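Colleague: Residue numbers (our numbering), protein chains in the order written: chain A, 1 to 419; chain B, 1 to 442.
Derived by calculation from the structure, the hints in this document are not laboratory data. It is possible that some hints are incorrect.
Stated by the list, open to error - Covered, in the sense of this in silico footprint (three residues per stretch, anywhere, with C-beta under 8 Å from a C-beta of chain A), are these stretches of chain B:
| id | stretch |
| --- | --- |
| 1 | 167-179 |
| 2 | 186-197 |
| 3 | 244-258 |
Bear in mind that the values here come from a model prediction, so they are computed numbers and not experimental data. Positions of the beta carbon are idealized from the N, C-alpha and C atoms, including for glycine.
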Amino acid sequence: MLYSNSWNWEIGTRLVANTGNWKTKFEWVGEPKVSPDGEKIAAVVKIGKSEFSVCVNGEIWLNHFDRIWHAKFGPDGRLAVLVSQKGKWTVAVDGNTWKNRFDYVWNTMFSPNGENIAATIRQDRQYGVVVNGELLGNMFYDTNNLTISPDSKRTAAVVQTVAFRKGDIFKFQEGCYTAAPDGKAWDRNFVNVWGLAFSPNSKNLAAEVRTSLYDYTVAVDGALWQDTFSCVWAPVFSPDNKAVAAPVRVADKWTLAENGKQIWDRKFFQLWGQIYSPDGSKLAAIVAPKFGKWTIAVNEHPWITTFSDLITDVVFSPDGNSVAAAGRDKGLWTIVVDDQSWKDTYDMTWQPVFSPDSRNVAARVEKNGYYTIVINGKTWKHYCEALWNPVFSPNGNKVLIRAIENGKYYRRVLPITKI
Amino acid sequence: MAQFVKKPEKKFVDIGLDEGAATLTTDMIQQVISRVLKGETSAYLKAYVDTCVSCGLCSEACHYYLSHDKDPYYAPVVKVKQTIWEILKKKGKVSPEFIKKASEIAQTECDLCRRCAMYCPFGIDIADIILIVRWICYILGVTPQYIQDIANSYSVTMNQMWIKEDEWINSLQQQEEEAQNEIATLRIPVDKEGADIMYSVISPRPEFRAQFIYKAAVIMDTAGVNWTMPAAPGPDNSDMTMYTGDNEIMSRVKKTHFETAMRLKVKKILISECDSIYDIGNKWLGWKWYPIEIVNSIEFYYELLRDGKISIAKKFEEPVTLHDSCNVDKGSALYKMARYLINATCKEFVEMHPNREHSYCCCAGAGVINCGPHWNMKQMHGSKIKARQLAATNVETVIAPCHSCYGGLEDVIRHYKLGMNVRFLSDILYECIEKPRVVIDV
Numbered sequence: 001m002l003y004s005n006s007w008n009w010e011i012g013t014r015l016v017a018n019t020g021n022w023k024t025k026f027e028w029v030g031e032p033k034v035s036p037d038g039e040k041i042a043a044v045v046k047i048g049k050s051e052f053s054v055c056v057n058g059e060i061w062l063n064h065f066d067r068i069w070h071a072k073f074g075p076d077g078r079l080a081v082l083v084s085q086k087g088k089w090t091v092a093v094d095g096n097t098w099k100n101r102f103d104y105v106w107n108t109m110f111s112p113n114g115e116n117i118a119a120t121i122r123q124d125r126q127y128g129v130v131v132n133g134e135l136l137g138n139m140f141y142d143t144n145n146l147t148i149s150p151d152s153k154r155t156a157a158v159v160q161t162v163a164f165r166k167g168d169i170f171k172f173q174e175g176c177y178t179a180a181p182d183g184k185a186w187d188r189n190f191v192n193v194w195g196l197a198f199s200p201n202s203k204n205l206a207a208e209v210r211t212s213l214y215d216y217t218v219a220v221d222g223a224l225w226q227d228t229f230s231c232v233w234a235p236v237f238s239p240d241n242k243a244v245a246a247p248v249r250v251a252d253k254w255t256l257a258e259n260g261k262q263i264w265d266r267k268f269f270q271l272w273g274q275i276y277s278p279d280g281s282k283l284a285a286i287v288a289p290k291f292g293k294w295t296i297a298v299n300e301h302p303w304i305t306t307f308s309d310l311i312t313d314v315v316f317s318p319d320g321n322s323v324a325a326a327g328r329d330k331g332l333w334t335i336v337v338d339d340q341s342w343k344d345t346y347d348m349t350w351q352p353v354f355s356p357d358s359r360n361v362a363a364r365v366e367k368n369g370y371y372t373i374v375i376n377g378k379t380w381k382h383y384c385e386a387l388w389n390p391v392f393s394p395n396g397n398k399v400l401i402r403a404i405e406n407g408k409y410y411r412r413v414l415p416i417t418k419i
Numbered sequence: 001m002a003q004f005v006k007k008p009e010k011k012f013v014d015i016g017l018d019e020g021a022a023t024l025t026t027d028m029i030q031q032v033i034s035r036v037l038k039g040e041t042s043a044y045l046k047a048y049v050d051t052c053v054s055c056g057l058c059s060e061a062c063h064y065y066l067s068h069d070k071d072p073y074y075a076p077v078v079k080v081k082q083t084i085w086e087i088l089k090k091k092g093k094v095s096p097e098f099i100k101k102a103s104e105i106a107q108t109e110c111d112l113c114r115r116c117a118m119y120c121p122f123g124i125d126i127a128d129i130i131l132i133v134r135w136i137c138y139i140l141g142v143t144p145q146y147i148q149d150i151a152n153s154y155s156v157t158m159n160q161m162w163i164k165e166d167e168w169i170n171s172l173q174q175q176e177e178e179a180q181n182e183i184a185t186l187r188i189p190v191d192k193e194g195a196d197i198m199y200s201v202i203s204p205r206p207e208f209r210a211q212f213i214y215k216a217a218v219i220m221d222t223a224g225v226n227w228t229m230p231a232a233p234g235p236d237n238s239d240m241t242m243y244t245g246d247n248e249i250m251s252r253v254k255k256t257h258f259e260t261a262m263r264l265k266v267k268k269i270l271i272s273e274c275d276s277i278y279d280i281g282n283k284w285l286g287w288k289w290y291p292i293e294i295v296n297s298i299e300f301y302y303e304l305l306r307d308g309k310i311s312i313a314k315k316f317e318e319p320v321t322l323h324d325s326c327n328v329d330k331g332s333a334l335y336k337m338a339r340y341l342i343n344a345t346c347k348e349f350v351e352m353h354p355n356r357e358h359s360y361c362c363c364a365g366a367g368v369i370n371c372g373p374h375w376n377m378k379q380m381h382g383s384k385i386k387a388r389q390l391a392a393t394n395v396e397t398v399i400a401p402c403h404s405c406y407g408g409l410e411d412v413i414r415h416y417k418l419g420m421n422v423r424f425l426s427d428i429l430y431e432c433i434e435k436p437r438v439v440i441d442v
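Please take these sequences and the hints and turn them into a complete structure.
Modeller: See the structure below:
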């Protein structure tokens, strides 16, 4: 975690807020959100007829609004919500609204370092992207699929640059959509654009595109891969910024291509969700070696462990030597790490989290309506009404647990040996 | 084929077919057909074709055949003869005009209701064959304009009505506000991570039938369900692209649907009263069945009532009948649960005949309704048997547990001046259940 060095890692449990009281104080209370450092818990609350505010650790924001939703903590602990007053929308950050108002705002997104907040807006029937409340670049007929660059300085979105009437199937096929980094559309249009990805250095933008109703490929800064495919899924950049990898469908099977060339000999019934290891030497992906069998392939070699339902939330360890994921088999969830499933199954699992030293894996899990933390397959015998993802301390020896128990929100720091 | 040429009928103009066919050559057609037939379709298509003995028993199953006074032109086997058999016989060497006609047959004279499969002594699924025809025509660019536009909408918005993200969220907020006039504490939780259920709908335009969301919200609030709706207008649960043959977009919509459920960490996806989720998209993606459990609204409401999570305060006074929609009943056999709900909520239930899995299609769902107003008279002529069925019930309210059927039945009722109205099951439930926390906030 970006800021975790500065967090309080003193071992102990602290009551932060008696959230159970909130339901008696307010007409209704939205879903609670917790800051990354666990110091704050917040919820949208209704305080009167068409009057809403935000309750943070039991304190109400001074500003009230006609409507509030989409509360979101940034990596730096600031809280952003979408607010409406007299029919106009904007973003309120820690209680202070942006000065600009819009016909509609949605999809607020914090940059990785938390400094910038981007959102999609509609104003006078046109669509665009704002950063910290200021319009970035041009407005379009539509804007969606907003993303922010790793350096927090750039945004990109899929935009519609050509208007067409509903039913104009021929105009649509000429290509009316493109990608717009920083609000400036690429030079050429496509039938469709999806799956935007910035390079790690934030200089380049890749996207999956459909160039006709039948041809799919990847565009990098608007330039197409040489070959087209019957289908592709979303691309990702390599850590050194030099390669773009995307799943491609060839002769009814899926494989992985890099910079337009197939790099895996092995073909799969399905392949998606590819990620590079931090050093770029490995590529892992979710694959179906056979119809109805799901696993992870690392550098094209599939694991032996398979799941009948699905695999999701794949992550590399910081040292790149391990891969973990959540999997569902015959309706039951578990975590799988390096081809070994944890022995227990759950009603739900969240994305596994590696410790900074890569030695431990933790995950939030749900069973029988309660939540707990599991580290390396070992369950914390403590069952919570609500729980957020665990965070390892920078040295990897402790874990931050943010949980609601008996109607109260606690911030806990435990040595991992206590679990 | 000559003996099956139907009586002259109004010529339909559709730029999707006319302009699409105008760009074709026989060589292009042959190449595409060869590719499709050599690929994944070859084995089961061969089995179907080799098995069919042209007995014609499928005829009596087809609502187009029955609606056209048993004109053999509309017999399912004849639709196959006019399309895929001819293609096979000529090894794909067919004319652009043939492809245009094949597309018209596949899209506007067969609704993929699968009733004929139940009448075939060998169980041949003619809908599967017609889907292959639609697929070939799609690849050749000869698809009716309106359904192609629907497919285009899915590709951009993941929903069938070109609903943008802001319109969708705004629509949910409007529905929530409307519902709060009745129950002040009611919420439509948007993007709530970890809810038990994600309610997935055919994304409506705010001004078009969006009230079903409000009514479903009231039912779920009353039952104490831990639920959510996604903040994005797609994935729309209907995924009509499977009916054009655009398997890639069909799969993309389906992938987005399940990925949204995974992102929200829900345990089940509840689909609104919709017939179209029973599909092929998950299989194309490699999922043997749904990777996240899917529950149809009929089953969901049935369980709420059976388990005492909702109770009936009053019964719907007017006599009602039920349209058993094709996929809900032929695909999932939910007709018993639908009747359980109707008998619990309505004073008088009048069966339509034939019913359950033998019910006649209403020309909506996967059918001609999606091809737009150009084809309206085909829809109406093909629905004559449905109109007779509806009229014979002598009731004024028909329940349609499917959005598409709802629209299809409205068209039939209007055209044949049946003087009926269409309701969803959720409409009836909403009116009849005990709502424990009715608060008018003034």
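Colleague: If a hint holds in the structure, say so; if it does not, say that too.
Modeller: Going down the list of hints, with the structure as the test:
no. : hint    : verdict
1   : 167-179 : holds (count 3)
2   : 186-197 : holds (count 7)
3   : 244-258 : holds (count 6)
The structure meets every hint from the earlier list without exception.
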